[in-house]
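Sequences and hints are given; from them, build the entire structure.
Those sequence lines, one after another, are chains A and B.
First residue of the first sequence: 147, per our numbering; consecutive thereafter.
First residue of the second sequence: 59, per our numbering; consecutive thereafter.
For the record, the hints were derived by calculation from the structure and aren't laboratory data.
Fair warning: this is a prediction, and the values are worked out from it, not measured in the lab.
Don't take each hint at face value.
What the hints assert, rightly or not - Here are a few chain A residues that face chain B, going by a calculated C-beta distance under 10 Å:
1. E227
2. K234
3. I238
4. D262
5. H325
6. D342
7. F358
8. V374
9. F426
10. S428
11. E429
12. C480
13. Y483
14. I488
15. K491
What the hints assert, rightly or not - Ranges of calculated distance between the beta carbons of each label pair, as one might list FRET restraints:
16. N77/B <-> S423/A: 19 to 25 Å
17. N77/B <-> R529/A: 49 to 55 Å
18. V327/B <-> P365/A: 24 to 30 Å
19. I363/A <-> N77/B: 41 to 47 Å
20. S423/A <-> V327/B: 39 to 45 Å
21. S83/B <-> E169/A: 57 to 63 Å
22. H383/A <-> S83/B: 54 to 60 Å
23. P249/A <-> M104/B: 41 to 47 Å
24. V327/B <-> G287/A: 22 to 28 Å
25. V327/B <-> K533/A: 35 to 41 Å
Glycine is no exception: its CB is placed at the ideal position from the N, C-alpha and C atoms.
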Amino acid sequence: FVGVGGGNDFQWCFSQVKGAIDEDVAEADIISTVEFNYSGELLATGDKGGRVVIFQREQESKNRPHSRGEYNVYSTFQSHEPEFDYLKSLEIEEKINKIRWLPQQNAAHSLLSTNDKTIKLWKISQRDKRAEGYNLKDEDGRLRDPFRITSLRVPVLLPMDRMVEASPRRIFANAHTYHINSISVNSDHETYLSADDLRVNLWHLEITDRSFNIVDIKPANMEELTEVITAAECHPHQCNVFVYSSSKGTIRLCDMRAAALCDRQSKFFEEPEDPSSRSFFSEIISSISDVKFSHSGRYMMTRDYLSVKVWDLNMENRPVETYQVHEYLRSKLCSLYENDCIFDKFECCWNGADSAIMTGSYNNFFRMFDRNTRRDITLEASRENSKPRAILKARKVSTGGKRKKDEISVDSLDFNKKILHTAWHPKENVIAVAATNNLYIFQDKIN
Amino acid sequence: MANMYSKGTKRKFSDGVDNKAVAASYSLQRQSLLDMSLLKLQLCHMLAEPNLCRSVLIANTVRQIQEEMAHDGSWQVVTEALGGSGHGPSDRLVDTEVLCQSSEQQDGGPRLYSVMGYDGCREEEVVTDKALCSVVVGDRAPALLLGTIGHCWDRGELRVEDGVSKDSGTGEEEGTKSGEGAKMATGQVFGTFEIKNGAPGSDPALEELFSDVDASYYDLDTMLTGMQSAPKMGPYDFLDSLASSHGSVSNSSCRADLNELDHIMEIIVGS
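Pasting the structure below:
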């Protein structure tokens, strides 16, 4: 079967899986965000327990040219701890909502991680050399008596076991009354934005005690609240442009040069509703759970409950492409409303070339769409398909009537196994898929 | 049933029995969706910090249903569908018969107004008027809150036990009543953010009221007495009505309601 994302010979294979095999999933281990860095060398995950785990890709081995480097643990640290807001008598979850890498400026790597209320800038640096032969102190660090020093020597650098250290360099706190759902690093590499349910703030990476509020949709009377912000992102090239999506299925593009408070959008993207499919759930399923600019900056992609839409930034009245993720769920909306699954927030991502997009679904299925060939494929992240370099088989959900062999019926889908977070390597066909507490890495196999 | 929700079918009023049955069935399902939504909102309300996006979406759904019900004059439709012709008490009795699923507690006493057609209905039962009075302490308090808030929504409809219904007349009025209910219910959900953020003592009227509260009223008897004589409002309804000077409650029932409020607040905050 032909895969998606490359040429005709393209197929996805299992590469690695990280995480416990146990059937019993510890809540703290549930992965809540996945993100490759700019080069793809590093892959970061955040979990509900407030931990960040960073994987690093090993150098390609000359012995096995067909298999790319594997990702192994590079650093693990506790990013956020549970907190208690005494004023409101509320516990603040330590769950990491988002991780965003900063562009690398020196040997160290930096990333932003956020929970519901506080954003932190972490610097991850490694040491694999140490200096020996100091003049003023001994090998064990004790100061030498200066009068005893009779000759000078030049300290030498000797290799040591690699040590990776993560340290919090900035803490951006107390700027959000509501829960932070997005952070996005600006293309100027100096500022970044953070968004909660009702507001978007702009920060400078060096300044932690101040942030600019650039969007505020809080009504004077909270009883009149009918719409919230669900996601926000900076444009990849134009540092004055950003977008934010809403629970009513709209996207607003704002230009920060227009005004200090960007309450009036420059562009307003909304697809007119199809009156024939209107139901009481129409609004809920139109709520956008994720918005992502293409790498080119010409398009943006939005994810709502049942579909992924690609928008041309120059056309506001409808998307240019719409892909159905799991249309078979449309007749089950009532049950999904009852068990709250209808509120699940799925993310989506582009491949490096912007030619393919990926998003998750239920039953540990994830979907990929090739924008050029219009082909799509459903794959599954499961331990059963985890033999090294095993080719992933396409999965199919039978939508009624006769169920063919190897197909799975809608009623047999496991709605507890949801793939909300996926990431695509910025340059290669390597994808990371978070399935509850396990992280799957898949690669392409070139025939 | 799920199919009913996937398409927005517009009902046609005609003389066919089938259409009436369909209309009644649609009404039923819509009502059950409404119940479920209100329940979700109430459960949200009891969480320390509900997910705002989810609450907003549910509240909007409630508003949509309520608007459609008011627009359709649906109380009227259901009555007609069941063969009644007027708006007398007996017809209303029939209405609620249909809309209420009978449960184990169908003993003529407190009527359980349960959410229909869903498996695992365990917590999803809203207790009505009479049953409220017998609910006092501890773990039943959440049910009490459920009942009172849900009840403010259903005020126009649930007078079954008395046999005497508040004849609120046309469907429009019912709609407005339920509109208020929705507004109150949603206000209560979003209002929690403001209550928590607001400065203490911001409302002088409330301050003055609380200064009168006598600690000796904090006992079971008074609470019970207070509840039975108090107008049928939930604790937050009470605060709202005080704040907007609409309440016309007497002094003694004031105190009892405050005790009730206090008690419930303690349970919610978990102190």
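> So which hints don't hold here, by number, going up?
Replying inline: When the structure is compared with the hints, numbers 1, 7, 21, 24 and 25 turn out to be violated.
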